[in-house]
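Colleague: Chains A and B supply the protein sequences, listed in that same order.
Just so we're aligned: 2 in this note's numbering is position 2 of the first sequence, and the numbers increase by one with no gaps anywhere.
Just so we're aligned: 109 in this note's numbering is position 109 of the second sequence, and the numbers increase by one with no gaps anywhere.
For the record, the hints were derived by calculation from the structure and aren't laboratory data.
Ideal Cβ placement from N, Cα and C applies to all residues, glycine included.
Each hint should be verified, as a subset may be incorrect.
[Said to hold, decoys possible] Quick list of the computed label-pair ranges, beta carbon to beta carbon:
| no. | chain 1 | residue 1 | chain 2 | residue 2 | range |
| --- | --- | --- | --- | --- | --- |
| 1 | B | Ser99 | A | Lys44 | 38 to 48 Å |
| 2 | A | Ser81 | B | Glu298 | 46 to 56 Å |
| 3 | B | Glu220 | A | Lys44 | 42 to 52 Å |
| 4 | B | Glu249 | A | Arg15 | 21 to 31 Å |
| 5 | A | Tyr122 | B | Pro218 | 53 to 63 Å |
| 6 | A | Tyr122 | B | Glu16 | 49 to 59 Å |
| 7 | A | Glu114 | B | His41 | 44 to 54 Å |
| 8 | B | Asp353 | A | Gly130 | 39 to 49 Å |
[What the hints assert, rightly or not] Negatives, chain B to chain A, calculated, CB over 10 Å:
| no. | residue |
| --- | --- |
| 9 | Glu132 |
| 10 | His135 |
| 11 | Gly141 |
| 12 | Arg148 |
| 13 | Glu220 |
| 14 | Gly261 |
| 15 | Ser308 |
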Amino acid sequence: MPSPRYWREIPSRYRLEASRCCGCGKVAYPARKVCPACGADDWKQIQLSRHGRVVTSTVIHVPPDDFLMEAPYAVAVVETSEGARLMVQVVDCEPAEVVPGTEVNLEFRLIRREGHGGILCYGYKGVPAG
Amino acid sequence: MREVAIVGAGMTRFGEIWQSSLRDLFVEAATEAMRNASADHLDAMYVGNMSGGQFVGQEHLGPLMADHLGMAGIPAARVESACASGGVALRLAFMEVASGMSDLVLAAGVEKMNDGADVTAVLASAADQEAEAYHGITFPGLYAMIARAHMEAYGTTEEDMAAVSVKNHRHGALNPKAQFRREVTLEEVMNSSLVAAPLRLLHCSPVSDGAAAVLLCPLERAKEFTDRPVKIIGSGLATGSMALADRNEPAFLDSVSLSAGRAYKMAGIKPSDIDVVEVHDCFSIAEICCLEALCLVERGKGGEAARSGLTALGGKVPVNTSGGLKSKGHPVGATGVAQAIEIFEQLRGESGDRQVADASIGLAQNMGGSGASSAVHIFQRV
Ligand SMILES: [Zn+2]
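Could you put the whole structure together from the sequences, leaning on the hints where they help?
Modeller: Here it is as structure tokens:
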């Protein structure tokens, strides 16, 4: 993969930056150019809180090759208090205990080493709160 | 628009077909479809294929396949919409004939998945690469999240989902082209290994090689090619949010609902008019959600459908008489065309032990990704 992809995706992936539509208030994560709800293209950049609640989840037992060493691991759709939904792994817990309603904190972690070059890929993962 | 008919069909058996390459599979299905209709030329061709590039390093399938079919020179192009590629190829062929632009158009689909690629990673490229695949999600994982959302919202159980696999294997056991021609028990499904909780191995369609092709022409010319043409009376295509996280209701497939609405409207029929159905059961939960989005059952009631016998052969609405993707196999680019072939044969009364008595209207629904695209076609006996 060409490296520009990595810095281009950094604002959302490294800083949890999202955007709020000035037309209808919808929160988009990652940021978009055009609002999927109202069609407006005027956005205000916001920072997502590092806390959310699991909407739905799974435990991956058969992973892609890049994640072989991780399995089994939980992946969940997490909704933050701003209304943004993001897909993240949920770690530092029994994967089976990650269920709809589980509260998680979002923490900056290593996601994987990609491809033959072993590029280190970072991003956010959920960790059960409390 | 002109009325359009299918006049010929051909498909390989589905499975791990080590001795056949991508092009071998395609040529076998395409020549059978043409022989089936006694056709000696084509005016155009669409080749549905999800990822020849990633699976076997081969792109540019339009000219490759036209060439190997002995038809270099004809207009031909490869069509991609992930696992809905075949259904979209069929729609483009339908539109080309309906428009009056061409008379004899082949709609085909092909995939060669068992040639050593990291299949899980290739399939995951039909998800949102930046927001989903990056985090290690897989296709079984996405549908597992849909399943868990459906269980939360409607009380659907693992047994409900397992009943879909049991039913589809029972149907597939009767299909000579199916990858798994054997029945499975509810216990075998419930005890199979976890792939992505709550989905187990026997909730998942297999990795398959295969190809399928149908020949379309204007209805007014159909009798030149067959005594029993089947009309395409409705075609609907729709898109939805690519990422599962962007859907308000993860358990409802908006694109399936939209594509079905468009197809029903074009055909001028109601869901209750349908005699036989093929839906995209890439995972057992997908059949449950698709039945709801197609309005064949009420929303939230999809879980009961297989368990109650409603969707079995002999039931009120037989679904996936071919064995579905689960038992027949799922060479992703070929699936949408293979579904159309099952309906074509049902409406012609050629389905043998799987025949639905007196079927006159059938529907095929083909889905891409975790439901980001869906193509629905409705067919009628002439
Ligand atoms: Zn808006």
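Colleague: Of the hints stated earlier, which fail here?
Modeller: Structure breaks hints 2, 3, 6, 8, 9, 10, 11, 12.
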